[in-house]
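The lines below spell out each chain.
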Amino acid sequence: MRESIIMKIHYGTALAAVALVAVHVLMRLTQGFAESLEYQNVIANYKFLPYAGMLEIILILLSIHGFNGLRVILLELKQGRAYEKAVSYGCVAAMIGLIAYGSRTILMVNMGMI
Amino acid sequence: MEHQDENKAGIGGMINPRRYGIERVAYLLMRLSGLGLLAYFIGHIYETSSILKGEVGWSEFLELTQTTEGHAILAIVIAMCVFHTVNGIRVMLGHGGVGVGKPARPDYPYEPASQNARHKMGIYSAIVLAAVAMLYGLAVMFGE
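Taken in sequence, the protein lines are chains A and B.
Position 41 (the first sequence) corresponds to 63 in the numbering used here; numbering is contiguous.
Position 114 (the second sequence) corresponds to 783 in the numbering used here; numbering is contiguous.
Same shape as in the complex, but just chain A (with noise of 0.2 Å):
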């Protein structure tokens, strides 16, 4: 993919994130901080499927976001064929497993499965 491409989808997931985690962030403080965190509050948060849907999405930019920043970081520090595809792909394979282990919290919490 073209790297003008790439910092479209990451400045797209910046913003998209931004306008996300500010709801994210304002669910705690409606209640009170602390009380927003206990286990029930949780648990009726991941089982409201609106919200549930929310968390999916800010995980997912955030880790399009997040691992793609750290992949530009890495190829400003070094560049070479074999260390840009290693960089890139690890990336990728870091961003896929932080999506899945996300989401299986929030399908397992969001039916019931514990």
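If you are wondering where the hints come from, they were derived from the structure by calculation, not from laboratory data.
Treat the hints with care, since some could be wrong.
What the hints assert, rightly or not - Residues of chain B placed beyond 10 Å of chain A at every Cβ, according to the derived structure:
#: 1; residue: 679
#: 2; residue: 768
#: 3; residue: 787
Claimed, not checked - No farther apart than 27 Å at their CA atoms in a straight line, the calculated lysine-lysine pairs in the DSS-like style are these:
#: 4; chain 1: B; residue 1: 677; chain 2: A; residue 2: 100
#: 5; chain 1: A; residue 1: 30; chain 2: A; residue 2: 107
#: 6; chain 1: B; residue 1: 789; chain 2: A; residue 2: 30
#: 7; chain 1: B; residue 1: 722; chain 2: A; residue 2: 69
#: 8; chain 1: A; residue 1: 107; chain 2: B; residue 2: 789
#: 9; chain 1: B; residue 1: 771; chain 2: B; residue 2: 789
#: 10; chain 1: B; residue 1: 771; chain 2: A; residue 2: 30
#: 11; chain 1: A; residue 1: 100; chain 2: A; residue 2: 30
To be verified - Okay, the calculated beta carbon distance ranges per label pair:
#: 12; chain 1: A; residue 1: 122; chain 2: B; residue 2: 691; range: 36 to 42 Å
#: 13; chain 1: B; residue 1: 686; chain 2: A; residue 2: 28; range: 22 to 28 Å
#: 14; chain 1: B; residue 1: 771; chain 2: A; residue 2: 69; range: 51 to 57 Å
#: 15; chain 1: A; residue 1: 136; chain 2: B; residue 2: 742; range: 23 to 29 Å
#: 16; chain 1: A; residue 1: 40; chain 2: B; residue 2: 704; range: 14 to 20 Å
#: 17; chain 1: B; residue 1: 737; chain 2: A; residue 2: 43; range: 35 to 41 Å
#: 18; chain 1: B; residue 1: 742; chain 2: A; residue 2: 115; range: 26 to 32 Å
#: 19; chain 1: A; residue 1: 107; chain 2: B; residue 2: 801; range: 26 to 32 Å
#: 20; chain 1: B; residue 1: 784; chain 2: A; residue 2: 103; range: 40 to 46 Å
#: 21; chain 1: A; residue 1: 105; chain 2: B; residue 2: 808; range: 44 to 50 Å
#: 22; chain 1: A; residue 1: 115; chain 2: B; residue 2: 734; range: 27 to 33 Å
#: 23; chain 1: A; residue 1: 61; chain 2: B; residue 2: 807; range: 23 to 29 Å
#: 24; chain 1: A; residue 1: 107; chain 2: B; residue 2: 800; range: 36 to 42 Å
#: 25; chain 1: B; residue 1: 766; chain 2: A; residue 2: 43; range: 24 to 30 Å
We put the beta carbon where it would ideally sit given N, CA and C, even for glycine.
Fit chain B to the supplied structure of chain A, relying on the hints for placement.
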């Protein structure tokens, strides 16, 4: 002939914030905050997965984070998040050609049009807003 990297200064050159003004400091802070936020994000995903262990597992993990050190780390995360967001928007606008001035013939003393007062204000604003958000976060977390 032995291969030599073009980037001879390596990490030391990358993290050196001197010689190029506030823009270089912003470049360094952007990368440090990005790496810090990625580390926090991975930790946050792991932390929230403890809910799968039930109420006891969740409470145990929450106790680890609901400490003075945990709150201090979260305050730093808030500051990193705000700086990264505000400076990121500045960078995006700059890449889009907003606030970087018009193309002109480079004349002595060769001051780059893009490194102008508007963008410097953006960087200082990002730092100030990050500090304010961190203080607000501390007030919320320690105020309870």
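Structure-based check of each hint:
1. 679: Given a closest Cβ separation of 7 Å, the condition is violated.
2. 768: 16 Å, holds
3. 787: 19 Å, holds
4. B:677 <-> A:100: 9 Å, holds
5. A:30 <-> A:107: 20 Å, holds
6. B:789 <-> A:30: Answer holds: residue 789 of chain B to residue 30 of chain A is near 24 Å, not above 27 Å.
7. B:722 <-> A:69: It holds: about 16 Å lies between the C-alpha atoms, which stays within 27 Å.
8. A:107 <-> B:789: Roughly 36 Å between the alpha carbons, so the hint for residue 107 of chain A and residue 789 of chain B is violated.
9. B:771 <-> B:789: Roughly 17 Å between the alpha carbons, so the hint for residue 771 of chain B and residue 789 of chain B holds.
10. B:771 <-> A:30: 23 Å, holds
11. A:100 <-> A:30: Cα-Cα ~23 Å, so holds.
12. A:122 <-> B:691: 36 to 42 Å: 40 Å, holds
13. B:686 <-> A:28: 22 to 28 Å: For residue 686 of chain B and residue 28 of chain A the Cβ distance comes to about 27 Å; the hint holds.
14. B:771 <-> A:69: 51 to 57 Å: Hint holds: Cβ distance 55 Å, inside 51 to 57 Å.
15. A:136 <-> B:742: 23 to 29 Å: 27 Å, holds
16. A:40 <-> B:704: 14 to 20 Å: Given range 14 to 20 Å: holds, Cβ gap about 18 Å.
17. B:737 <-> A:43: 35 to 41 Å: Between residue 737 of chain B and residue 43 of chain A, where Cβ atoms are some 25 Å apart, the hint is violated.
18. B:742 <-> A:115: 26 to 32 Å: Given a distance of about 27 Å, which is inside 26 to 32 Å, the answer is holds.
19. A:107 <-> B:801: 26 to 32 Å: Given range 26 to 32 Å: violated, Cβ gap about 43 Å.
20. B:784 <-> A:103: 40 to 46 Å: 33 Å, violated
21. A:105 <-> B:808: 44 to 50 Å: 45 Å, holds
22. A:115 <-> B:734: 27 to 33 Å: Given range 27 to 33 Å: holds, Cβ gap about 28 Å.
23. A:61 <-> B:807: 23 to 29 Å: 25 Å, holds
24. A:107 <-> B:800: 36 to 42 Å: 41 Å, holds
25. B:766 <-> A:43: 24 to 30 Å: Once the Cβ atoms are compared, 27 Å apart, the range 24 to 30 Å for residue 43 of chain A and residue 766 of chain B holds.
Figure legend: structure checked against the earlier numbered hints; hints not met, in rising order: 1, 8, 17, 19, 20.
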